[in-house]
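Chemist: If you want the building blocks of each chain, they are given just below.
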Amino acid sequence: SQKIEQNSEALNIQEGKTATLTCNYTNYSPAYLQWYRQDPGRGPVFLLLIRENEKEKRKERLKVTFDTTLKQSLFHITASQPADSATYLCAGGGGYNKLIFGAGTRLAVHP
Amino acid sequence: EAGVVQSPRYKIIEKKQPVAFWCNPISGHNTLYWYLQNLGQGPELLIRYENEEAVDDSQLPKDRFSAERLKGVDSTLKIQPAELGDSAVYLCASSLVAGRYNEQFFGPGTRLTVL
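So the sequence lines, in the order shown, correspond to chains A and B. Just so we're aligned, residue 210 is where the first sequence starts under my numbering, counting upward by one. Just so we're aligned, residue 51 is where the second sequence starts under my numbering, counting upward by one.
Some clues are possibly wrong.
[As the list claims (entries may be wrong)] Taking CB as the label site, the calculated pair distances span: (1) B:E64 x A:K226: 25 to 33 Å; (2) B:P131 x A:K280: 40 to 48 Å; (3) A:E269 x B:D113: 16 to 24 Å; (4) B:R161 x A:E218: 18 to 26 Å; (5) A:P249 x B:P58: 12 to 20 Å; (6) A:D248 x B:T126: 41 to 49 Å; (7) B:R161 x A:A219: 38 to 46 Å; (8) B:I62 x A:T278: 42 to 50 Å; (9) B:S77 x A:R251: 40 to 48 Å; (10) B:G135 x A:E269: 23 to 31 Å; (11) A:T277 x B:P68: 31 to 39 Å; (12) B:P111 x A:T277: 31 to 39 Å.
[Stated by the list, open to error] On the chain B side, residues computed to face chain A include the following (Cβ under 10 Å): (13) S57; (14) K61; (15) W72; (16) Y85; (17) G90; (18) E94; (19) A104; (20) D106; (21) R114; (22) F115; (23) G135; (24) A138; (25) C142; (26) F156; (27) L165.
These are calculated hints, taken from the structure and not from any lab test. Every residue, glycine too, gets a C-beta built ideally from N, C-alpha and C.
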């Protein structure tokens, strides 16, 4: 079945460092990937979208890459801040705007 | 601009009881989604509407779950009867159209606990 896999272990980093989160997809080739942020008790919030023909996309301190050979996307937050602490969800686009979500990776940024 | 509104935010019921969740999407958004999110997991699509039409309900357990979107605006998701395994967060989302690349806007969710 189509799967989006993310590291289940929480990522702990020091403030100011770059956080790198990994998303792998199996058994299909998504036309695009979306990244969402989810805080406890709240719904996911859209951050970035990258298409299969794009290698890299940036938005402020965020950068996402899409490697169709490795079947992987990397999500980077540079100069991380404690306010960046949250769960980050990767979602693969299938046909007709259907999204398949990964389980998310929890990021904790420590002062 | 108001976001996606869901109610109630929390619901506790006993098993075999019915329950209903309500969602009002962002004004002008034609596409509405209902997702289920279990603890520690990502959202899983239950049903997607294009205006009034349910265009993808393949993941909706139709023996106990039902949904409607009358007039193509707000929507209700119902479970009857609820089972212990239905305890989860039910998320509603909307998007402008159902084309590719459109971001989805999520509501805060309804946390259901079945005792």
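Chemist: Please go over all the hints and tell whether each is borne out by the structure.
Modeler: Okay, the hints, checked on the actual structure:
no., hint, result
1, B:E64 x A:K226: 25 to 33 Å, "violated, 48 Å"
2, B:P131 x A:K280: 40 to 48 Å, "holds, 42 Å"
3, A:E269 x B:D113: 16 to 24 Å, "violated, 47 Å"
4, B:R161 x A:E218: 18 to 26 Å, "holds, 25 Å"
5, A:P249 x B:P58: 12 to 20 Å, "holds, 18 Å"
6, A:D248 x B:T126: 41 to 49 Å, "violated, 26 Å"
7, B:R161 x A:A219: 38 to 46 Å, "violated, 22 Å"
8, B:I62 x A:T278: 42 to 50 Å, "holds, 49 Å"
9, B:S77 x A:R251: 40 to 48 Å, "violated, 21 Å"
10, B:G135 x A:E269: 23 to 31 Å, "violated, 41 Å"
11, A:T277 x B:P68: 31 to 39 Å, "violated, 46 Å"
12, B:P111 x A:T277: 31 to 39 Å, "holds, 35 Å"
13, S57, "violated, 14 Å"
14, K61, "violated, 15 Å"
15, W72, "violated, 15 Å"
16, Y85, "holds, 8 Å"
17, G90, "holds, 6 Å"
18, E94, "holds, 7 Å"
19, A104, "violated, 13 Å"
20, D106, "holds, 7 Å"
21, R114, "violated, 23 Å"
22, F115, "violated, 18 Å"
23, G135, "violated, 18 Å"
24, A138, "violated, 14 Å"
25, C142, "holds, 8 Å"
26, F156, "holds, 3 Å"
27, L165, "violated, 21 Å"
In this structure, the earlier hints numbered 1, 3, 6, 7, 9, 10, 11, 13, 14, 15, 19, 21, 22, 23, 24 and 27 are contradicted, and the remaining ones agree with it.
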